[in-house]
Amino acid sequence: MALRVEQPVTMESYAGLKPAWCPGCGNFGILRALNKALVEMKVQPWQLLMVSGIGQAGKLPHYSRGNTFNSLHGRAVPPAVAAKIANPELVVIVIGGDGDGYSEGGNHFLHVLRRNHDITHIVHDNQVYALTKGQASPTSDEGYVSKTTPGGALPPLNALGVAIMAGATFVARTFAGDLDHAARTIQEGVRHRGFALIDVLQPCVTFNHVNTFKWYSERVYKLDERGHNPQDKMAALEVVQQWGERIPIGVIYREQRPTYEDRIPALKKGPLAKQVIDPQRIAPLFQEFQ
Amino acid sequence: MPVEANFMVGGEAGQGVQSVGAVLAKTLARGGYHVFADQDYESRIRGGHNFFRIRASNMPVAAIKEPLDILVALNQETIDLHRMEVAPGGVVVYDQEKGQPGEGNYLGVPFTRLAQEKAGNRIMANSVAFGAALGLTGYDLDAAANIVRGFFGGDVGEANVTATRAGYDYATENFKGERPLNLKPLGDGKRLLMNGHDAVALGAIAAGCNFMAGYPMTPATPILEYLSTHAKDMDMAVVQTEDEISAINMAIGASFAGARAMTATSGSGFCLMVEGVGLAGITETPVVIVNAQRPGPAVGLPTRTEQGDLLFVLHCHQGDFPRAVLAPASVEDAFWLTIKAFNLADKYQLPVIMLTDHYLATSYITVDGFDLSKVVIDRGETYSPERHGPPQEYKRHKVTGSGISPRAFPGLTEALVVTDSDEHDETGHLIEDARARTEQVEKRLRKLNGLGQETSPPEVYGPPNAETTLVGWGSTWGALRESIDILNRGNGKFNLLHLRELWPFPSEAVNSILQQAKRSYVVESNAAGQLARLIRAETGRLVDGKVLKYDGRPFTPSGIAEQVKEEVYHGAKS
Ligand SMILES: Cc1ncc(C[n+]2csc(CCOP(=O)(O)OP(=O)(O)O)c2C)c(N)n1
Ligand SMILES: [Mg+2]
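So the sequences go chain by chain: A and B.
To convert, note that position 70 of the first sequence is 70 in my numbering; the numbers rise steadily by one, no gaps.
All you need for my numbering is the position in the second sequence, starting with 1, plus 290.
Chain A with its partners taken away, still in its complex shape (with noise of 0.2 Å):
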């Protein structure tokens, strides 16, 4: 091992380049969470994998530091979990939107729960497309009104309940506007062992006047005070159906599994990243050939 001067973390550690969201965004408050949580657990920088998808949620991994795979509309999931594979070592935290994970990730997000995959995701859910400026996402509250739901948008897609009937292991909630609700849940997400889902309402100034910052602090209420127990599933399938006057956040649903990692025997030899190539290996294959 070369030598390694470990610097203490600071968030200092995470400071990336000046943010391009909106003044007042609530991207800034998931930001600070994620580099606060990451200072707490100690992670350094180079230890970290983020890897995004497109949106204004997606450019996070820019305004923060670490490892950094911004990848394509939806796509974030999979090259993730397939990092994680490749080097377990690695924290691997995907971003995105909630269109991006819920809308054109639907189907990675459907089958990735199952797999439990040893990473965390955080959904800036602002229910509506930011980057594209403003049309519905699967998010959006029924009735919303946009340029492309002008008779206003359908019911939305229940994503934390339809996680917990997929198979996730790992499944919360939490806001932006509360520092520490959400820098303790990510740090709960990137400890859990196995896939952790972290919906993060998120207030878009510009373009969600309806779920706004002050929408938002007059209906979330906190879990863990009102005596939730995560594991339990049917408990947990019926906190997923609050929404409108009170809004729970919190850790809604947890269970222990093993990991897709933990089923791939090559690895219990260390990361396929730090393998050494040997053709010779394949030798005894060719007598099934002969």
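These are calculated hints, taken from the structure and not from any lab test.
Counterexamples of contact, computed for chain A against chain B with all Cβ distances above 10 Å: (1) P8; (2) C22; (3) D180.
Restricting the straight-line Cα-Cα distance to at most 25 Å, the calculated cross-link-like pairs of lysine to aspartate or glutamate (DMTMM-like) are: (4) A/K133 / B/D712; (5) B/K480 / B/E622; (6) B/K522 / A/E288; (7) A/K269 / B/D668; (8) B/K480 / A/E288; (9) B/K855 / B/E375; (10) B/K355 / B/D430; (11) A/K18 / B/D723; (12) A/K269 / B/E515; (13) B/K664 / B/E622.
For each label pair, taking beta carbons as the anchor points, the in silico distance ranges come out as: (14) B/Q805 / A/F286: 41 to 49 Å; (15) A/K214 / B/G679: 49 to 57 Å; (16) A/Q287 / B/A818: 37 to 45 Å; (17) B/G679 / A/K274: 16 to 24 Å; (18) A/K274 / B/V293: 50 to 58 Å; (19) A/Q287 / B/E856: 42 to 50 Å; (20) B/G304 / A/K274: 43 to 51 Å.
If you're wondering where the values come from, they're calculated on a predicted model, not measured in any experiment.
Positions of the beta carbon are idealized from the N, C-alpha and C atoms, including for glycine.
Following the hints, position chain B with the ligands against chain A.
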């Protein structure tokens, strides 16, 4: 003295055509013969018409030969469809209870009854048929029995040996005419009998591929299956994904993080992957993509063959970025070109597309084996602090003269590896700045200079001063070479220019070879003459004609020779 033996086994799906074909091919290969076998089957599990052709010789063979010495008919349809392909001295061996003899040499054998009586299971009718075919050649039964035993294994193996013997004895006793073939083992055959996708999979493992993601689609599926089967003993991670979009994006993610990664698909699946091809292009992430061609568009003909994706894979995706396109000419070539694909991908940090097809994927051939000491692994220039400076200064997309920026892997050093599907600057962070954009486009395209030098010269077969040059690419190589031999048997003057590395296109070499010919014809399995267009685009040369086939069936040497004669001596039809 050349020995040539040509068999066909035909029947419906579920009758065991494939097993008879495989066992026969294996028996002859083990007996020291050179073997080539191809398959024709429908996209269904039961019923329909399937056949398996086997050619064996004491000389190397790389294509099917007509006519047949022995036609093994498991049903009447096989007799009806193929009796005209049998040589004058050839024999049709058929199931007495299921078929009617026609004119010529026929041997009726009660395949099903013997299977039931001798082996206790009518399902083994195909092994009786195998035995009967072998009986007609006088081949050593014990040598064949060993192959049958190994192929089926255990008690089932023994029962199939009994069935084989029953067919063999029946044919020996009841066939009164002159044997269509006299075959005996030539020695202990050490050659390997494999198909093109076996070779791709083995080549990938030899190259150190340790990550594969794929979604099943004929004819690419066997690569995914083979690698899944051997993932554990070969230290690989193999993922069956939710779709092809995921497959290519996973391969890219694994590669970014330091694995050697690939995916494999066909036609429609490749269409879904196209956005990923561009992602690999702009993020400069190595990835090997096998596109096993089948006739399109859309679902097309799932179990048939075509070379219809050439222009598609060359041009798919918006924008300009470098890529490499390789099309193996043979099974042996598939092994070595796969290794080259991984090396090019890593060295130039780009997507490499391997164009195989159904014909190459499902045709078996004997190969002499692969000298693993000749396998070269080139992972390209990777970042090290000693050579490239401190990690704080690392830039993933550093602008260099060669266009190649040393690659670091996340978490393996303290260098932060940043890349983006958005245009980015040297650091990998997204930009919209005009200068950085221009710099990155040019840097990426500069990689073509080095990449172009890596293209091996195309092969010329036949007399260099031939009047007529046939130009082919990819899997038609074996049939084309033999067609040249056929054409030159008269007073023809033909040679073959064959391409297996199609991009970067070897323009100069192709130009100078075509310059020497009076006439040139492309021979391709597609309707448009895609190689002809490529040659025109890259050399400005127009070929004189096109010999095309797009019925989903593979070219045969005699088929090409006839089509070429038609074209050359009677003028172009179109
Ligand atoms: C394949 C593809 N389709 C569409 C787009 C255009 N596009 C970019 S971001 C986006 C939606 C953004 O919404 P969301 O994911 O919720 O992110 P936000 O901007 O709200 O953070 C769309 C449709 C694209 N880049 N790629
Ligand atoms: Mg959004």
